[in-house]
Amino acid sequence: MFISSDSSTPCFKDFTLVMPAVAVGNVGQLAVDLIVSTLHMNRVGYIHTDCLIPMAGNDPYANRQDNTVELHTPAEVYTSDEQKLAVLQIRAPILQTKSKKFRQLLVSWIRASGFSRTVVLSSSHAYQRDDQQLQSTPLRYLVTPSLMKTNADTLKELGWKEMERMPAFPGLSNPDAEMRLCIPGGGITKGLYTDSCEQDLPLAVLLLFCSEGDNIPDAFTIVNHLNDWLHLLDEHSQKTNKWKIPTSWSLLFGSGIPPALF
Amino acid sequence: MATFFGEVLSVYSRAVEEEEDEEDENEEDKQIRRELEEKREVRLLWNPDLTASLKSGDKLPCSDLIIAVGLNAASFMSVYVLSSAKWDRVGHASVWNERSRAISSEDSPCIFYRHKDNPSVLICLVTGYIAEDQQFQWTEKVFDSLQQRQLSVTVLSDSFVAEYKTADYVCRGSAPFLRSLHTSGFSDQPVCHSLEQPNILTGLPAAVLNHCQVHRIAAVVYQCYSDVIGPDSISMETFKPALTKLGRSIQLVSSPNTDILRKVAKTTDIQSNLYI
Numbered sequence: 001m002f003i004s005s006d007s008s009t010p011c012f013k014d015f016t017l018v019m020p021a022v023a024v025g026n027v028g029q030l031a032v033d034l035i036v037s038t039l040h041m042n043r044v045g046y047i048h049t050d051c052l053i054p055m056a057g058n059d060p061y062a063n064r065q066d067n068t069v070e071l072h073t074p075a076e077v078y079t080s081d082e083q084k085l086a087v088l089q090i091r092a093p094i095l096q097t098k099s100k101k102f103r104q105l106l107v108s109w110i111r112a113s114g115f116s117r118t119v120v121l122s123s124s125h126a127y128q129r130d131d132q133q134l135q136s137t138p139l140r141y142l143v144t145p146s147l148m149k150t151n152a153d154t155l156k157e158l159g160w161k162e163m164e165r166m167p168a169f170p171g172l173s174n175p176d177a178e179m180r181l182c183i184p185g186g187g188i189t190k191g192l193y194t195d196s197c198e199q200d201l202p203l204a205v206l207l208l209f210c211s212e213g214d215n216i217p218d219a220f221t222i223v224n225h226l227n228d229w230l231h232l233l234d235e236h237s238q239k240t241n242k243w244k245i246p247t248s249w250s251l252l253f254g255s256g257i258p259p260a261l262f
Numbered sequence: 001m002a003t004f005f006g007e008v009l010s011v012y013s014r015a016v017e018e019e020e021d022e023e024d025e026n027e028e029d030k031q032i033r034r035e036l037e038e039k040r041e042v043r044l045l046w047n048p049d050l051t052a053s054l055k056s057g058d059k060l061p062c063s064d065l066i067i068a069v070g071l072n073a074a075s076f077m078s079v080y081v082l083s084s085a086k087w088d089r090v091g092h093a094s095v096w097n098e099r100s101r102a103i104s105s106e107d108s109p110c111i112f113y114r115h116k117d118n119p120s121v122l123i124c125l126v127t128g129y130i131a132e133d134q135q136f137q138w139t140e141k142v143f144d145s146l147q148q149r150q151l152s153v154t155v156l157s158d159s160f161v162a163e164y165k166t167a168d169y170v171c172r173g174s175a176p177f178l179r180s181l182h183t184s185g186f187s188d189q190p191v192c193h194s195l196e197q198p199n200i201l202t203g204l205p206a207a208v209l210n211h212c213q214v215h216r217i218a219a220v221v222y223q224c225y226s227d228v229i230g231p232d233s234i235s236m237e238t239f240k241p242a243l244t245k246l247g248r249s250i251q252l253v254s255s256p257n258t259d260i261l262r263k264v265a266k267t268t269d270i271q272s273n274l275y276i
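The listed protein sequences correspond, in order, to chains A and B. Counting along the first sequence from 1, when you hit position 63 you're at 63 in our numbering, and nothing is skipped either side. Counting along the second sequence from 1, when you hit position 274 you're at 274 in our numbering, and nothing is skipped either side.
Since the hints were derived computationally from the structure, they do not count as laboratory data. By construction, the Cβ of each residue, glycine as well, lies at the ideal position given by its N, Cα and C atoms. Among the clues, some could well be false.
[To be verified] Straight-line C-alpha distance at most 16 angstroms; calculated EDC-like pairs for lysine to aspartate or glutamate:
#	chain 1	residue 1	chain 2	residue 2
1	A	K100	B	D133
2	A	K100	A	E198
3	A	K98	B	E132
4	A	K101	B	D133
5	A	K98	B	D133
6	B	K141	B	D58
7	B	K141	A	D50
8	A	K98	B	E25
9	A	K98	B	E37
10	A	K98	B	E38
11	A	K101	A	D195
12	A	K101	B	E37
[Unchecked claim] Simulated coverage check for chain A against chain B, where a stretch passes if three residues somewhere in it have a Cβ under 8 angstroms from a Cβ of chain B:
#	stretch
13	50-62
14	91-102
15	246-257
[Said to hold, decoys possible] Partner residues are not named here, just some residues of chain B that face chain A (Cβ under 8 angstroms, in silico):
#	residue
16	E132
17	T166
18	A167
19	D168
20	S184
21	P198
22	A206
23	V214
Isolated chain A (complex conformation) (with noise of 0.2 angstroms):
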């Protein structure tokens, strides 16, 4: 559940909140670190719950030349109260046996702050596209019904490709064939959408199709995508590349090499 980090508990009502799903490439919560980063969030509480694997960390925003320890744990809530945006990352893995559970924590507190939308990155599979999603963009969005009652002019504007559904039993050439959505890879993406269609909540999903190795440039992907719909950067910034690259991104693929290798 949640737990403020200070005295007093925040207030999100009518914040948009940007949230990952933990998915193939882990390329959501990349990208929510390039958010969080950027444009120097404050953190404001913890979600404390046994779904997730516990961790702990020294800060991973911190600047290099920092020497102050500040704790970090598996999933904690972040604001920005100029954008009224708020931002939840989620940094270890859900226990499987518990990812029901985790679903519903989510979408009950999701409920209960009253946050104006949800939007949940996520990614999927990249090999499992057939022939029609292999040529197109492999970008892909979702909306529910409640959101899309708001926000159905912009998503037209932005000329997105909306997720396409799948036929059951692929191969069975039956013009009835039963078409149902299909995330793979995705985590609780599937879930946490059909969930919020089902209580009524406002909540989108922006997902890539991509493969698990240096997903570094699909997180920038989908979060300059995201930025499109939301402006989350100042757009005047002459800047090329507008997120900057948190700390913890640092040595990503494993240590210095020693000399002695060669």
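Given chain A, put chain B in place with the hints provided.
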């Protein structure tokens, strides 16, 4: 994914397990799940007088809790602290998982000791494996039993230097070394460098730190990065500075108990049968 030799492997994402369709679960599956969950429940078993006290609603008074996780940390505490014979064994945890089948108190992976003269000082030795889905539960149950006002927690833990990420490879040559991480409630000065990003703590030390951070309890973890697989006396000595701040209750014995040291070192002697 197809490999070079043509066989097809199923690829597991490092991030994700496929979400199972829970609607397909029948009553029998649910029953099995429930029984497994019950079996994996962590149970804390205290001595009868403490159990009675807890049952009547009084939590155990505790000003200092020291948790030693891992063989080096636990051996250090056994050799340098518990050997002074001023400690009573007051409880243990019953933990069942894929690597630890301990049910009785003798082979329990987790044992609690209390100081005879100062009963608000508790030590916990964790020598066995506590699974990822049990770590949060263990932490909640332990802290639920303790009164938490003015509580100060110190965790000693082991790790391998191979897991320590640094751009400067030479730094690894200085193993064993200590790194620390503490909660915002911890106002003292740690005795070593803090753990630099991108390194993180996992396991029981992380679960304890998370709990203490969220509940504003003063806690510090000292992790020893060692280049030796089993417990060794040099790695154990690295922990000494970590206990200096704890005053008179945790006095280190001046000369380590050689019997215990020998027993600990023997378990990791590499046996060679080349010259038998």
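Going through the hints against the structure:
1. The hinted pair formed by K100/A and D133/B meets the criterion: a straight-line CA distance of about 15 angstroms does not exceed 16 angstroms.
2. With a C-alpha separation of about 15 angstroms, the suggested pairing of K100/A with E198/A holds against the 16 angstroms cut-off.
3. A hinted pair counts as satisfied when its Cα atoms are at most 16 angstroms apart, and K98/A with E132/B qualifies at roughly 12 angstroms.
4. As the CA atoms of K101/A and D133/B are separated by approximately 13 angstroms, the hinted pair is consistent with the 16 angstroms bound.
5. Distance hint between K98/A and D133/B is fulfilled; the C-alpha atoms sit about 9 angstroms from each other, no more than 16 angstroms.
6. For the suggested pair K141/B and D58/B, the alpha carbons sit about 15 angstroms apart, so the restraint of at most 16 angstroms is met.
7. This hinted pair checks out: K141/B and D50/A have alpha carbons roughly 12 angstroms apart, not beyond 16 angstroms.
8. A threshold of 16 angstroms between alpha carbons decides the hint, and for K98/A with E25/B the separation of about 15 angstroms falls inside it, so the pair holds.
9. Only pairs whose Cα atoms come within 16 angstroms are accepted, and K98/A paired with E37/B is accepted, the gap being roughly 11 angstroms.
10. Between the alpha carbons of K98/A and E38/B the distance comes to roughly 14 angstroms, so the proposed pair stays at or under 16 angstroms and holds.
11. Between K101/A and D195/A, the direct Cα distance comes to roughly 12 angstroms. Compliance with the 16 angstroms bound is thereby established for this hinted pair.
12. The straight-line distance between the Cα atoms of K101/A and E37/B is roughly 14 angstroms, inside the 16 angstroms bound, and the hint therefore holds.
13. Only residues whose beta carbon comes within less than 8 angstroms of a beta carbon in chain B count, and the stretch 50-62 of chain A has 10; three or more means the coverage holds.
14. Coverage of a stretch by a chain is defined here by at least three residues with a beta carbon nearer than 8 angstroms to that chain's beta carbons; for the stretch 91-102 of chain A and chain B the count is 7, and the condition holds.
15. Interface restraint, the stretch 246-257 of chain A with chain B: holds (10 residues with C-beta to C-beta distance below 8 angstroms; minimum three).
16. Taken as an interface hint, E132/B checks out: its beta carbon lies about 5 angstroms from the nearest beta carbon of chain A, inside 8 angstroms.
17. Interface hint at T166/B: satisfied, since its Cβ lies 5 angstroms from the closest Cβ of chain A, which is below the 8 angstroms cut-off.
18. The beta carbon of A167/B comes within 5 angstroms of a beta carbon in chain A, closer than 8 angstroms, and the hint placing it at the interface holds.
19. Interface restraint check for D168/B: the shortest CB-CB distance to chain A comes to about 6 angstroms, inside 8 angstroms, so the restraint holds.
20. Taken as an interface hint, S184/B checks out: its beta carbon lies about 7 angstroms from the nearest beta carbon of chain A, inside 8 angstroms.
21. Evaluation of the P198/B hint against chain A yields a held restraint, the C-beta minimum of about 5 angstroms falling below 8 angstroms.
22. The beta carbon of A206/B comes within 4 angstroms of a beta carbon in chain A, closer than 8 angstroms, and the hint placing it at the interface holds.
23. Interface restraint check: V214/B against chain A, minimum CB-CB distance 5 angstroms, threshold 8 angstroms, status holds.
Consistency with the previously given hints is maintained throughout, with no hint failing.
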